Amino acid sequence: MNIPMSWLKAIIPIEDTAEAFAEKITNAGMAVEAITQPDAEISGVVVGQIKSLTRHPDADRLWVTQTDIGSEVLQICTAADNLKEGDYVPVAVHGANLANGLKIKKSKMRGQESNGMLVSVEELGYTRDDYPEAPEDGIYVFSQAYSLGIDAKPIFGLDEAVLEFDILSNRPDCNAVIGIAREAAALYSQPFVAPAINVKEEGPGHITDYVTVDVQDTDRCPRYIARVVTDVVVGPSPSWLRRRLNMAGIRPINNIVDITNYVMVEYGQPLHAFDINTVARMNEKYGVVVRTAADGDKFTTLDGEERTLTESTLMIADYKKPIGIAGIMGGDNSCITDNTKTILFESANFDSANIRLSARKLGMRTDASGRYEKGLDPNLSLVCVNRAMELIEELGCGKVVPGMVDVYPNPRTVKTIAFTPKKIKELLGIETLSANDICAYLTRVGIETRPTDTNGEYMAIIPTHRADISGSADLAEEVARFYGHNNIPSRYVQRVDGKQESTSYGPSCTLVNTIKDAAVALGYYEAKTFPFDSVKVFDKLLLPDDHKDRNAMVIRNPLGEDMGIMRTLSLNGLLESLGRNDSNSNESAYLFELARTYHPNKEGEDASSPYEPFFLTLAAFGPDMDFLSIKGDVEEILAALNVVGIGFARHQLPFTHPGKTALIQVLPGRGQNHPPAPIGYIGELHPQVCENYQINKKAYIAVLCMEALGELALGARRFKVPSIFPALTRDIALVVPEAVTAAEVELAIRERGGSHLEDVKLFDVYQGKQIAEGYKSMAYALRFRANDRTLADKDVQKPLRLIVDNLTKKLGAEVRDAVKKA
Amino acid sequence: MGVFSSLGLFYAIILKKTLEQVLGKRKDNPMIDNLRKKIETALAEAKDMTALENLRVSILGKKGEITDLLKSLGQLPKEERAQAGQAANELRDWATLAIKSAIDDMAQVQQQNALATESIDVTLPGRRRKIGRLHPISVTHKKLEDLFVSLGFNILEGPHIETVYNNFDALNTPHNHPSRDEADTFYFNDNLLLRCHTSPMQVRVMEAQAPPIRVVIPGMTYRRDEIDATHTPAFHQMEGLVIDKGITFGDLKGMLELIVRHIFGPGTAIRLRPSYFPFTEPSAEVDVTCYSCKAKAPEGCRVCKGSGWVELWGCGMVHPNVLRMSGIDPEVYTGYAFGLGTDRITSAINGITDPRLYFDNDMQFLSQF
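Chains as they are written, first to last, in our numbering: chain F, -8 to 813; chain C, 83 to 451.
If you're looking for bench data, these hints aren't it; they were derived computationally from the structure. Each hint should be verified, as a subset may be incorrect.
[As the list claims (entries may be wrong)] Distance condition first, Cα-Cα at most 27 Å in a straight line; then the derived BS3-like pairs of lysine-lysine:
| hint | chain 1 | residue 1 | chain 2 | residue 2 |
| --- | --- | --- | --- | --- |
| 1 | F | K688 | C | K212 |
| 2 | C | K376 | F | K15 |
| 3 | C | K387 | F | K15 |
| 4 | F | K752 | C | K387 |
| 5 | C | K212 | F | K689 |
| 6 | F | K789 | F | K760 |
[Claimed, not checked] Derived coverage of chain F by chain C (criterion: at least 3 residues anywhere in the stretch with Cβ under 8 Å from a Cβ of chain C; other residues may be distant):
| hint | region |
| --- | --- |
| 7 | 11 to 21 |
| 8 | 264 to 272 |
| 9 | 388 to 396 |
Predicted model, so just to flag it, every value in this text is computed and none were measured. Here a beta-carbon is modelled for each residue, glycine too, at the ideal position from N, C-alpha and C.
Based on the sequences and whatever the hints tell you, model everything.
So this is what it looks like as C-alpha cells:
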C-alpha cells in the first residue's frame, strides 16, 4: 500500500523526515518497504524568466526566447504561442529528464541554437485535468515570481515522498491512511482525533422514497448501507484528488469512481456505485437484494468478462437480476456511465472467509476483495459512506439524498479483556515496567484501561477496529511495540532446573553424523534433492506397471506435472544430478544423500498415516568407480557404524544391471535361524536407465535403509587386545566350480579357521589356461595370530587341514597347495 | 670417485698414527707389519661398500687373516708368545675400529649421494586422496546444532507430511490466513499437506512432553513457490522452542543474539521489528546487521540495499492459545519460538546468490565447501 507523506500529514502532524518516520513506524510494526518519489524520473527542470521573445527568422511557427535561469541566460526556441516577456516558466536545461524518457540536449532548430526546452504539464507526465490552470497547447506559466534557477518540481508538487507499506495480515485496519495516521499518533504519543465528517444532505426527498434493502444472508453480509445521490455530474476530479490517487498507485478515472477509490485508500473500506436506473423497481422503489447465486449462474462483470458463479458466491441483486458480485466486482449491467444521473452508493461489510473463497473460485482478485478477505470492521461502513457523501458535495458531483438505509442486525461493539500488568511485565522481561506504564502504552493505541476489584487485574476496552486483539499476549505486544522491541533487555542465562534430560544430538542425529563423516571421508559429496517426482520417473526407472513403488502420495495442487507426486524411491533426484554432472563435463561425481521417501502408508498399516522412511543413497560415476568400489564404500560405512554380520547376495532390480546387483542383508547370527533380512541394495545402473538420465558413463548406486541401520548400528564395540606377537600367513589356492561364490568360499574358510584365524583375503581369481572349463581358480591369503605367543607352523596345520576338508566337501573344491608365506 | 680417493688417503694417515701408538716401542714383527700395511693399502684402495665388506671378512672373518694370525700364535715359542699375542690383539682391535669407521663413513657418503639423486620438484601437484564434502546447508545445520546442544537443547526431527491440524489449527492459524491457501501450501487432501514450516513439530513436542522444553527441529519445509532465482519449493528451517516457567521476551532476544554471533561473528547485532505470526504473540522479524557490507551500508550493497540490515527470520513468544491447545497451562508456563531459514543463512555466509544451486548437486558447486 502506497501512502504519500502529505496525505498523512493532512491528518496527523509529523515533523520527522519521511526517512526518519519510515524507520520509526517500521520498528513499531508497520513496515515501510520503500520510500519512492513517483516523479523521480523528472530532473533538471528549473524556474526561468522570459527576457525577450522574437520570431524565428526562418520559421513562422517558432519563437526564439532569451530565458534567464539565474546563472545564465539561455537561448531557447519554442513553438508555443502563449508566452510574453516577463513570464516565469519551467525550463528543462541541457541534460534534463522529462516524462516518458524524454532527454533534453542542446540543439539547433532551423539554424537557431536552442539550449533547453520550455515545458508544458504534458512533458511532466500530467494533463490539464491535473493542472487545470495550465494553458491548452502551451507552456506552463507560473502564477507568481520565483527565484530564478530553483528546482521547479516542488512548485508542481512533484517532490513528494510516497511510503510503500507492507501491512501485516492481522492489521487490515492499517491498510488505510487513517490506520497509519492512528499508528503515527501512537508513535509520537499524540492524541488521535478522527477527522470530522459533515454531510449537508441537500438532495430531494428521503432515502426511504428511493431504496429498499433486503439482506437475505446476514452471516455473509453483516452490514449493508445504501445512500443515494441525485443530479450527478460525471467528470474529472480536481487535481489534488487526482494527484493523491496517482501517488497511491491508482489511476484516476472520473469523479465518482475516484471518490470510491479515494475513500478506500483513506479508510480501507471498498464502496460501490450503481447507476440507480439499472436497478429494477418494486412498489416505486429500487429494491436491493443481497443473496447467494445458484451453481452455474452466469454473470458479466464490469470488465466485460462473463463469470460462472457457485452457490457460495454472494450477489448484490435487485428483484429480477444480479447487479454485482458482493465485495469483488460490480456488474456490467449497472455501472456508472457519463449519462448517469442518480447513483446508489453501497457501503457494506462482507464475511472475509466467504469473499476469499468466492474470489478464489472465480479466479478474481480485486482491490475490494483483497481488503474484504482480510476482515473489516463493520462500524467502518458508516464512516466511509458519509465520507464519500461529503466528497460528493465538496466536489460538486451531485446532491446527497437525506438519510440512509442501514441493515445491521448485530452491531459489533467494543470488547473488554481482563489482563494483569504483572504478567505482561513478566512475559516481556522488562523489570522496570509499572502498571501505569503499561496502561499508558495501551492508551496510546486507543485501548482504555481501568483497574478491577480483583487484585492486580485490569480491564482493557478494545476498539472495534482492533479485531486482532483477543488476549493478554496481544496487549503485551502493543506495549512492546511502543516500548520498542529493541529496548527490551536481553537475558542470556536461562533456567535449567535439573528435571531436564541430558541434552544430545539424539540417536538419529548421531547416526546421521556418523554416516555423513564416513561418506565424506570416502570421497562422497552430500547432495540435496527435491522430494517431488513426476510419475514418468517410474518409467525412467523401468519399474513394471504393477510395482509397489508406483503407489505414491499425489499432491493435489502441484507446481507442475513434473512435481506431481512424492518420491517413493530415493534415486530420481540423484540420477538427475549425475546426468547434470556428466553434461557439465565433470570427470566424476560421487554423491550421497540422506533423505526420505514418502508412501501413503507403511506396509500393512493404516492407509491414512503416511510413512516417511529415511534412506542413505550413494550414486556415483568416475574413473575409479565400479561395482566393487561402491561395495567397498558401503562396507566401510557399515564398519564405521559398527554394523556386523552383513552379507551380499545376488539380486535383481528393475533399474540395475541384472548381473551386477546385490542385496545387502543381515545374516542370521549364531543360534538364530531367521532368513537373511534385507537392509538395502547396491548395483551398477542399467544402461537403459543411464540413457534415460543422459548419463553417458557407467554409474553405480547403493541404497541403505536408515531405520535398519539405526537398529544395527553403534552398539558398544567389543574391545580386543592388540596382539604384540607376529602373524603367520598361509596362502591357499583352490579350483572350484564357476558357480561357487566368494562368499561361500570365505564362509567355508572362516567356519573351520579356528580362533587364531585373523583375516581372510582373496588376492586372485583366474579362469583360462590350465583351468578346466566351468571352473575357476581362487587364491586366498589366510592370516593367523595369537594373543599370547608366537604361532609356530604346527599351530596352523590343524586349522588348515580342517579348512581344506571343508572346502572340498562343501564346495567341491580341489585345493592345489597351501603355501607358506613369510 | 674423488671422494673415495681422498678418504683412502685419510685412512692411511690414521692408520699410520695408530700403528705407531700400538707397536712403536716394540721390536719389529714383520708378519704383523706386513699385515698392517696390507690393510692400510686395502683401506686406501677400497672404492665401495662391497670392497670394505670383503676386506672386513678377509681380515676379521672366521677365516680372516688376523683370525688366522691369532690362531697361529700357539705355535710360537713360549717366550715370544705373550708379546706377539699382545701385538696381534692390538692389531685386531685397531683393524676392527678402522674398518668399522671406514664402513660407517662410506655409508654416510652413500646416503648423502642417494639423497642428492632423490631430490624432486616439490612443487609437483600433491597426490590427493580426495575426501568429499558436506552440503553447505548441512554445514550450517551442524554449526547451529553444535551451538544448541551446548546450550542444553535436544535435536529432533518431524514428519514432512503433516496434518492440517498440526500445521495450522494447533498453531492458532486463522481460517482465512493466506498461508492456508492452495496457492501457498501443497495439499494431498483436506487433511494432509506438506508442512510449510517446522512449527508443527512444536505441537508434537508439546503434546508428548511436559515443560521444561528446549528443542530445535531442523528439516525441510515446503511452500508452493515456483522455482526462480530467489525461490525453491523446498527449503530448510531450524525451529527452536523453549517452554518453562518465567521465560521472557528478553530470553528470546538473548538467544537470538547468541545465534547471530555464532553464525556471523562477534560483531553482529540484531534488530527486532514487530510482526505477525499466528502462533506467537508478541511476534517479531529479526534483522541482522548486513554480513555483506558489515553494516557500513554503502549505497551499492546489493544484499541490504543500503539499509545495513538483512531480514533473516521470524520469532516470538509462544501464543497462549498454542500452549493451551497442546495441553500446557499458559498461566504457569511461557515460552518462545523461532524459525531460522537455514538456506538463507547459508547463502548469507557463502555469498550464494541463487538457491537453485543447492539442489543442482553439481560437483563444481559442492566441492567448494
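Evaluated hints:
| no. | hint | verdict |
| --- | --- | --- |
| 1 | F:K688 x C:K212 | 21 Å, holds |
| 2 | C:K376 x F:K15 | 22 Å, holds |
| 3 | C:K387 x F:K15 | 18 Å, holds |
| 4 | F:K752 x C:K387 | 64 Å, violated |
| 5 | C:K212 x F:K689 | 20 Å, holds |
| 6 | F:K789 x F:K760 | 32 Å, violated |
| 7 | 11 to 21 | holds (count 4) |
| 8 | 264 to 272 | violated (count 0) |
| 9 | 388 to 396 | violated (count 0) |
Of the hints listed earlier, those the structure fails to meet are numbers 4, 6, 8, 9, in rising order.
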